[in-house]
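> Take the given structure of chain A and dock chain B to it, following the hints.
Spelled out, the chains give:
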Amino acid sequence: MGAKSITTLLLLGLAILSFTPPATAQDSDVAVVVSSGNPATNISLGDSRKIFAGTKRSWPDGQRIKLVTRGPGCMERLVLLRLLAMSEIEYKRYWTGQVFRGEADAEPLTVPSVGMQKEALTLFPGAISLVNVRDVKPGMKVIKVDGMLPGAAGYPLH
Amino acid sequence: MRRARIRAHIYCALLVLLLVPASNWAQSAGSGDQATIAQLVEQIKQLQQQDRDLLERIRILEAKQPQTSPVAVADTASPPTPPQSTEQTPPPQLPSATPRDWHEVHGIQFRGFGEVDYQVLNQRQPELGTGGFVPGSAGNFYTGDFGLFLSSRLTNKASVLSEIVFEEADAQQYKVDLRRMLLKYDYNDHLKMSFGRYQTNIGYYNWAFRSAAWLQTTANRPLVMEYASNGGLLPTQAIGVSVIGAIPSGKLGLNYVAEYGSSDTIRPDLNGDGLVTDENNGNQTNVGFFATPDGLRGLQIGTSYYHDQISNNVLNASGAQVPPPPGSLGPSVRYGQTIVNAYAVYVAQGIEFLNEGFLIRDALVGGSLHFDTPAFYSQFSKQLGPVRPFFRYQYVNASPNNGIYDDVGLRFGPSFGARYDLNDYIAFKAQFDHTVRRGERDLNGLHLQFAFTF
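Same order as they appear, the protein sequences are chains A and B. Under our numbering, the residues of the first sequence are numbered 1 to 158, in order. Under our numbering, the residues of the second sequence are numbered 1 to 454, in order.
Honestly, the hints are just simulated from the structure, not real lab data. None of the values given here were measured: they were computed from a predicted structure. Just so it is clear, CB atoms sit at the ideal spot from N, CA and C, and this is done for glycine as well. Keep in mind that the hints are not guaranteed to be accurate.
Partial chain A-side listing against chain B, Cβ under 7 Å, derived [what the hints assert, rightly or not]:
no., residue
1, 56
2, 58
3, 60
4, 87
5, 92
6, 97
7, 100
8, 102
9, 105
10, 108
So, partial list: chain A residues that the calculated Cβ filter (under 10 Å) puts toward chain B [claimed, not checked]:
no., residue
11, 57
12, 86
13, 99
Taking lysine-lysine and the DSSO-like style, the derived pairs with C-alpha atoms no more than 27 Å apart in a straight line are [as the list claims (entries may be wrong)]:
no., chain 1, residue 1, chain 2, residue 2
14, A, 92, B, 382
15, A, 141, B, 251
16, B, 192, A, 56
Just chain A, with the same shape it has in the complex:
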């Protein structure tokens, strides 16, 4: 293959690449969502960590918090594990321990789809979940984390 052919192929490659839309930071952000009736509008990152670790168990109005999570392999799960600084194996062990210590009734409800996340948020008034910002649906109330919404510079969950 000649030098000219290689150049041509490179140019073609560049041209094809120019069709790919650039990824934005917003695409990879994960929103904290609650039931639409939940009065919360903002939580700190520290509180979100305590909530998803099951150590903070009620909302300021006394409503019990219900954790709804996605299964292993999902982006939301990876963000959750990063938030808690745990691996999958540690996460499972941690929750078994939480139940055994009497700190939780059961492990968090794990659902296989965004649709079911939405339905869980409708069913449990105190529910909270992590949803990829692209998958946020009507009926899911996105709350701020440390005063920031997904997409904002410095948003911590991605």
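Relative to the frame of chain A, chain B by itself:
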């Protein structure tokens, strides 16, 4: 040459064809087209999601199918009914959303923990026999603690929890121990109360691992945190009230613990002489604080202060009182027992680093005589895939003149090994222990364990 020039022209034309629309797309993407494309993409995503949800519902309905099949069989035996007109046919009901099957946890939740152990020592002298290990044997199998954990939510704020343990004792006899039986009431995150038999919150280990071997990284507990019924030094259980809650403290993450209850610790001697010490405890008070700072994920630091009054009432195997050695104080003498604990643990990023120190002071009531027993352990482990290698160093130093812990003496040394998680429910652990003892030969031991949960 000419053909090459023509080919170059064709390539250039092709490139222009490719680049022009690309640049046009890039220009127009900034305007109205971008919104249209985003809308289309969103619609596709919604359709894909609906598709996934429907598939999930079908899967759940299929899973439920065998339960409904007997009805279908019965229907075939019944006389055929005339077909209904389309107007009469009730509208097809969409499968109820799976969330209808979800519910808050009611009824009794059941879990279990167990272990199967093999331990071998390099001596045949009687030594601590925990969980079924036969003192004086070089090595044997035993089953340790088999625990059944039951819990039930009664109301939005109240629940019940119990932990029943079947513990192997001498000659493969099993004794039942109600390790925990609690009526819990969580008013809010700042006030969580438990009434009943609880595990004292002295230190971190007792709170974090309770009695489940599966939860522990190592095959056994540090000696100072061992259950009193297995020769441990601390009063691990009491009946009374335990209150715990968060203190509004911002990023410091401060919490408190307050306990008041009655203990009745009976601990067997560690040296395998067959004697037990009935401490005839009074009512114990335990107060503690711990912090989980936001800035350092996984860090927990805490301290606690415990006080009670105990006796040194030594009994033999048949329960008869053993006369105190000449010159020592009898069982009627009371000691004020104070236990001060401080700990710093880091559990995150696959690392487990536990450090706890204790000072146990037994002071003669109405006198100046007192004995201090310092103890600590430090444990480090790191998760590497399914394997978690660990290292632990522990130290206990009880005065030989302290009649309560004269069987303990000075003991220190390292333990190391690894935990291998075969799956989410079963772990295999291998641990080597080296213990230096005052006035005794060093003790080496190998401990193998299958620990499981179900």
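> For every hint, state whether the structure bears it out.
Hint by hint, here is what the structure shows:
{"no.": "1", "hint": "56", "verdict": "holds, 6 Å"}
{"no.": "2", "hint": "58", "verdict": "holds, 6 Å"}
{"no.": "3", "hint": "60", "verdict": "violated, 9 Å"}
{"no.": "4", "hint": "87", "verdict": "holds, 6 Å"}
{"no.": "5", "hint": "92", "verdict": "holds, 5 Å"}
{"no.": "6", "hint": "97", "verdict": "holds, 5 Å"}
{"no.": "7", "hint": "100", "verdict": "holds, 6 Å"}
{"no.": "8", "hint": "102", "verdict": "holds, 5 Å"}
{"no.": "9", "hint": "105", "verdict": "holds, 4 Å"}
{"no.": "10", "hint": "108", "verdict": "violated, 12 Å"}
{"no.": "11", "hint": "57", "verdict": "holds, 6 Å"}
{"no.": "12", "hint": "86", "verdict": "holds, 7 Å"}
{"no.": "13", "hint": "99", "verdict": "holds, 7 Å"}
{"no.": "14", "hint": "92/A <-> 382/B", "verdict": "holds, 16 Å"}
{"no.": "15", "hint": "141/A <-> 251/B", "verdict": "holds, 26 Å"}
{"no.": "16", "hint": "192/B <-> 56/A", "verdict": "holds, 12 Å"}
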